[in-house]
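In order, the protein sequences belong to chains A and B.
Each residue of the first sequence is one higher than the one before, starting from 1 at the first, in the working numbering.
Each residue of the second sequence is one higher than the one before, starting from 1 at the first, in the working numbering.
Treat the hints as calculated values from the structure; they're not laboratory data.
Yeah, the Cβ is synthetic: ideal placement off N, Cα and C, and Gly gets one too.
One should not assume that every hint holds.
Claimed, not checked - Short derived list, chain A residues pointing at chain B, Cβ under 10 Å: (1) S255; (2) N256; (3) V259; (4) G288; (5) I308; (6) I322; (7) L330.
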Amino acid sequence: MVARQFTGSFGRVAFGLLVAGLFLLPLHALAQDAAGKTGKALYQEHCATCHGDEGQGGIGLPLNLPDFLRTADRDYLLASIRHGRPGRVMPSFQHLLTEEERQRIAKFVMDWQEGVQVEVPAVGPGDAERGGQLFQQNCAECHGTQGEGGDQPKRSPEEVSPDSKVVAPALNNSGFLASASDAFIKATIARGRGSTRMAAHGKARGLSDRDLDDLVAFIRSWEEGVDPLAKPVIEVRTDTPVDELIPLLKMAINSNNFVFIRQQTLYEGLAGDTPEEPVRVLHFCSFGLLDKALQTDERVGTFLPCQITVYRDGGQTVMSAINPKALSPLFHKPGLELYCTLVSERYLKIMQEASF
Amino acid sequence: MTFKQLFTVFGLLVASVGMVIPVLAADANPNFLERSISGAHAGRTLNQLQNAIEQEGFSFMRVQNVDEGLAGSGFERPPYKIVFFGNREKFVRAREIDPRVTPYLPLKITVYEDDKGNTHLSVVDPAVVGRMFNPRLKDQFEAWSKALKRILDRTTKEVRAETWRGD
Chain A
1 MVARQFTGSF
11 GRVAFGLLVA
21 GLFLLPLHAL
31 AQDAAGKTGK
41 ALYQEHCATC
51 HGDEGQGGIG
61 LPLNLPDFLR
71 TADRDYLLAS
81 IRHGRPGRVM
91 PSFQHLLTEE
101 ERQRIAKFVM
111 DWQEGVQVEV
121 PAVGPGDAER
131 GGQLFQQNCA
141 ECHGTQGEGG
151 DQPKRSPEEV
161 SPDSKVVAPA
171 LNNSGFLASA
181 SDAFIKATIA
191 RGRGSTRMAA
201 HGKARGLSDR
211 DLDDLVAFIR
221 SWEEGVDPLA
231 KPVIEVRTDT
241 PVDELIPLLK
251 MAINSNNFVF
261 IRQQTLYEGL
271 AGDTPEEPVR
281 VLHFCSFGLL
291 DKALQTDERV
301 GTFLPCQITV
311 YRDGGQTVMS
321 AINPKALSPL
331 FHKPGLELYC
341 TLVSERYLKI
351 MQEASF
Chain B
1 MTFKQLFTVF
11 GLLVASVGMV
21 IPVLAADANP
31 NFLERSISGA
41 HAGRTLNQLQ
51 NAIEQEGFSF
61 MRVQNVDEGL
71 AGSGFERPPY
81 KIVFFGNREK
91 FVRAREIDPR
101 VTPYLPLKIT
111 VYEDDKGNTH
121 LSVVDPAVVG
131 RMFNPRLKDQ
141 FEAWSKALKR
151 ILDRTTKEVR
161 AETWRGD
């Protein structure tokens with residue numbers, strides 16, 4: 001009996017690994033296809049759509065700006081490609097490209113650099129509270145009071161006007177914070193970015209070295225708890241009206257290998273006549289993924305059904321979903337985390353695609 | 001060791017196990033509210049669960065037949081249902097305080113059978129979920145936690161009584 005139990009457990013583990021392998025196979029195959037490509041070819045394939053053929057920018061930020069290339073180093077580019085910008089348009093390429101391919105792309109971009117790399121400034125311990133006050137006075141107008149950045153263009157690169165090609169980046173974004181060193185942030189504040197609205201904020205604007213350190217400390221303070229996949233809810237906001245967004249969401253659901261099941265409202269079936277604010281709920285499922293998750297822990301009904309709610313808040317349309325990744329530690333089942341993370345990432349991708 | 005001593009040790013062991021097992025069976029994972037009913041079918045449990053939900057003052061909304069959806073895609077498994085219920089006014093109020101709770105609504109309980117014919121009721125404890133939201137919602141989530149415990153206990157008691165009577 002013990003042997004049979006062991007065989008059963010072993011079989012489940014082996015099957016789980018097989019399933020994980022099958023899921024990762026297409027990504028691996030994709031990476032294999034790209035194995036022999038040059039940095040330029042990989043850039044054209046994965047980056048040019050947003051950043052432009054020559055790095056001139058469009059939906060994504062311009063990469064060929066002299067000030068940017070002299071300030072950013074290869075580590076910053078590599079980390080940005082790896083992490084992406086969760087909650088923004090830039091996806092994570094951690095599973096889509098190998099480390100070597102990401103390095104080829106980073107080198108291709110770095111080769112646009114002309115002139116010498118700027119000297120990296122020393123960064124002292126800053127006062128985040130004081131930095132917060134300086135941020136509101138000097139930075140919030142473009143980067144937002146919470147560092148959320150400007151609205152990204154929604155048109156194709158060639159339709160984006162030169163004035164709107166450079167959107168103030170989201171400084172509170174986990175991908176940015178994981179990629180940018182303190183020295184990079186300080187150098188960027190001090191030097192600004194030529195050809196953009198980002199002016200040099202060093203001595204020219206009356207900010208001392210200590211002021212810059214305080215600003216860096218404040219921006220770094222967003223590192224805790226800003227990852228959208230670390231919160232109980234995955235949420236993406238858009239200016240698109242609800243009725244226009246719903247069909248886009250359905251398309252994104254299907255294109256991410258989920259089956260759309262039905263649409264209803266949150267209060268459907270509830271007694272009472274409280275004025276109902278329209279909250280739409282879209283149900284969908286990946287039965288294969290669900291089956292594997294149920295084999296790992298039958299209590300995953302907590303996350304079911306897969307759903308995205310859509311409602312208006314603060315003049316915007318909000319898409320939100322339960323975040324399985326954030327809840328997975330509640331189960332005390334490490335094996336479940338893989339599935340929870342996959343679903344969380346797909347929820348975010350669906351919302352990003354629909355709002356794009 | 002004498003026979004009497006052996007008997008005493010054995011008795012203590014039995015008593016210890018007897019005290020521990022019920023604790024393990026109920027809410028072994030403190031983040032979840034869980035109950036198990038031996039030899040009960042999910043269908044019988046669903047009926048009693050609906051009664052218990054309505055007795056607790058909630059509106060019963062619907063049952064999602066997850067097992068049927070899975071079977072339609074070629075994945076066979078024992079009955080697996082999710083029961084949705086709630087209170088419109090409480091939901092509206094909760095969303096006013098913190099709209100992020102929206103995807104966690106309505107309330108739900110999962111009912112599923114294992115391959116030995118036992119039925120399980122399971123739900124993540126609302127009191128645990130509530131810690132992730134605006135502290136002003138703490139009392140509401142704790143009230144839902146208590147209500148859900150009562151619903152699970154009442155359902156378990158009624159189904160066990162039916163099973164015992166052979167209804």
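Open item on the list: Taking the earlier hints as the rules, which of them does this structure contradict?
Closed with: 1, 2
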